[in-house]
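Enquirer: Chain residues, written in single-letter form:
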Amino acid sequence: ARKGVAKSEQYEIRREEEEMRSQMSCHSLKKRAVLTTDSGNCTAEEASESEAENSSMDEGDDEEGSHEESEVEVLDEKGFRRTQEKKISNVKQTELKAVEDEEDDDVENLLKEEEEFEEKIDFSADTAGALKWKEDLTQKAAQVFLRQQQSTPNLRKLIYGTVVEDEDRE
Amino acid sequence: MARKGKCVDFEASFIRLIDKVTNGSRIEINQTGTTLYYQPGLLYGGSLEHDCSPSRGIGYYLESLLCLAPFMKHPLKIVLRGVTNDQVDPSVDVLKATALPLLKKFGIDGESLEIKINRRGMPPKGGGEILFACPVKKVLQPIQFTDPGKIKRIRGTAYSVRVSPQMANRMVESARSILNKFLPDIYIYTDHMKGVNSGKSPGFGLCLVAETINGTILSAELASNPQGQGAAVLPEELGQNCAKLLLEEVYRGGCVDSTNQSLALLLMTLGQQDVSKVLLGPLSPYTIEFLRHLRSFFQIMFKIETKTPEEEHKGGEKVLMTCVGIGFSNLSKTIR
Numbered sequence: 001a002r003k004g005v006a007k008s009e010q011y012e013i014r015r016e017e018e019e020m021r022s023q024m025s026c027h028s029l030k031k032r033a034v035l036t037t038d039s040g041n042c043t044a045e046e047a048s049e050s051e052a053e054n055s056s057m058d059e060g061d062d063e064e065g066s067h068e069e070s071e072v073e074v075l076d077e078k079g080f081r082r083t084q085e086k087k088i089s090n091v092k093q094t095e096l097k098a099v100e101d102e103e104d105d106d107v108e109n110l111l112k113e114e115e116e117f118e119e120k121i122d123f124s125a126d127t128a129g130a131l132k133w134k135e136d137l138t139q140k141a142a143q144v145f146l147r148q149q150q151s152t153p154n155l156r157k158l159i160y161g162t163v164v165e166d167e168d169r170e
Numbered sequence: 001m002a003r004k005g006k007c008v009d010f011e012a013s014f015i016r017l018i019d020k021v022t023n024g025s026r027i028e029i030n031q032t033g034t035t036l037y038y039q040p041g042l043l044y045g046g047s048l049e050h051d052c053s054p055s056r057g058i059g060y061y062l063e064s065l066l067c068l069a070p071f072m073k074h075p076l077k078i079v080l081r082g083v084t085n086d087q088v089d090p091s092v093d094v095l096k097a098t099a100l101p102l103l104k105k106f107g108i109d110g111e112s113l114e115i116k117i118n119r120r121g122m123p124p125k126g127g128g129e130i131l132f133a134c135p136v137k138k139v140l141q142p143i144q145f146t147d148p149g150k151i152k153r154i155r156g157t158a159y160s161v162r163v164s165p166q167m168a169n170r171m172v173e174s175a176r177s178i179l180n181k182f183l184p185d186i187y188i189y190t191d192h193m194k195g196v197n198s199g200k201s202p203g204f205g206l207c208l209v210a211e212t213i214n215g216t217i218l219s220a221e222l223a224s225n226p227q228g229q230g231a232a233v234l235p236e237e238l239g240q241n242c243a244k245l246l247l248e249e250v251y252r253g254g255c256v257d258s259t260n261q262s263l264a265l266l267l268m269t270l271g272q273q274d275v276s277k278v279l280l281g282p283l284s285p286y287t288i289e290f291l292r293h294l295r296s297f298f299q300i301m302f303k304i305e306t307k308t309p310e311e312e313h314k315g316g317e318k319v320l321m322t323c324v325g326i327g328f329s330n331l332s333k334t335i336r
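Order-wise, the sequence lines are chains D and H.
Per my numbering, the very first residue in the first sequence carries number 1; after that it's consecutive.
Per my numbering, the very first residue in the second sequence carries number 1; after that it's consecutive.
There could be a bad hint or two in this list.
Just a few of them, taken from the derived set where beta-carbon distance is under 10 Å, the chain D residues facing chain H [said to hold, decoys possible]:
#	residue
1	L137
2	K140
3	P153
4	L158
5	I159
6	Y160
7	G161
8	T162
Because the hints were derived from the structure by calculation, they are not lab data.
Nothing here was measured: the structure is a model prediction, and the numbers come from that model.
Glycine is no exception: its CB is placed at the ideal position from the N, C-alpha and C atoms.
Using the sequences provided together with the hints, build the complete structure.
Expert: Structure below.
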């Protein structure tokens, strides 16, 4: 009977461990997701408005809007002009706060040139970069978890040698 | 034998001690003193005395006796003579303050569990004498000891033999100058032994013990250089360094201090068939080798998890050791 108790205890430990593992992987998944959304946002933003970067970064609320905007861009390529104009007006607003002394027309022209120039790159970055992060998130999370596992030294292995690994899996 | 050469005097003395506490051991050392044949006998115990070699501290012998004493046939009551405090082995003071409370956690308890320092002896000549008594237990309790808690108080002993009694006071003063910044509840006893109780060599030293609210005991100690070896040590310096060592030990933390890690792991192994858990600080090299020995003798491997303290100001990395006891019970003790 004693042995049975001990065994069940062991099982409990193992189960605990498994639970912890699953929790950890969940956690890292979330972390990863948060990270990638951030970076995705950045690529869309940075590529399109390199000059207005500082002002847009300052305004946290702007981030969400611009992200949606970029998605709209992808959807209707024909309304290219419209989105661009919309964007410019958006940029203008932000820019106005940052640079008040400069004349509006000049800024607009400058921005227009840059926008047209960079828009093509933006599209490719959008499709290749912004959507890429959504691919196989679970796999990425698993990889991150494994990397985390390897970075902390396995004391058991250090103490008992490699023999333990095989017994662990059984 | 650890050394390439021969069986050294303190090892010979240790073998004789083992011969004394057991019944029916067969020990053979070859002529060159390079191989040892040992056929174990029964742990017998009883009232004994033993002269330890002065080249190692009594702590060297006492550490092993602490592992064996709970499993004797008769309660062990042994007088050990030799060096009570030196720079190599854990001193008798530290073992008294740390190992005995640890044994109590495993259910090894009773009035007779004690270490008493009758005489102090410093190296190189020794001349100290202690009494170690331990009750016997049939089975050990498993422990769940994973939360050390915060430090409650600091106690200590500053001892001096055959030097000015002021030495002890100077050590206390300097140790307090550091420790008082952290908590007020500090009491360091001064212990100046005279005449025949002071052994054969002069010296002084300090043992500090930090106790937490959950009964974890962490220790640190330092002793002066033996007479005629190395430069003279200032008591102020020694006191400060010892206080810093204690802070270091607190940083390492865990529920068992680094001197007693292996004792705790052994008693966990020998416990009932139940899960024991203990949180340790970083494993000492001695403990790591000890874990390998535990595997080769008992086929037991601990589950080892590293715990990084998530809160700030909680010290270094901790290790959670888990095992299921092998269900060892004292064979010599008859069931009533």
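Enquirer: Decide, hint by hint, whether the structure agrees.
Expert: Verification of the hints:
1. L137: violated (26 Å)
2. K140: violated (24 Å)
3. P153: holds (7 Å)
4. L158: holds (8 Å)
5. I159: holds (5 Å)
6. Y160: holds (6 Å)
7. G161: Holds - the Cβ of D:G161 comes within 10 Å of chain H, reaching about 9 Å at its closest.
8. T162: Violated, because the Cβ-Cβ distance from D:T162 to chain H comes to roughly 13 Å (cut-off 10 Å).
Going down the numbered hints, you'll see the structure goes against 1, 2, 8, while the others check out.
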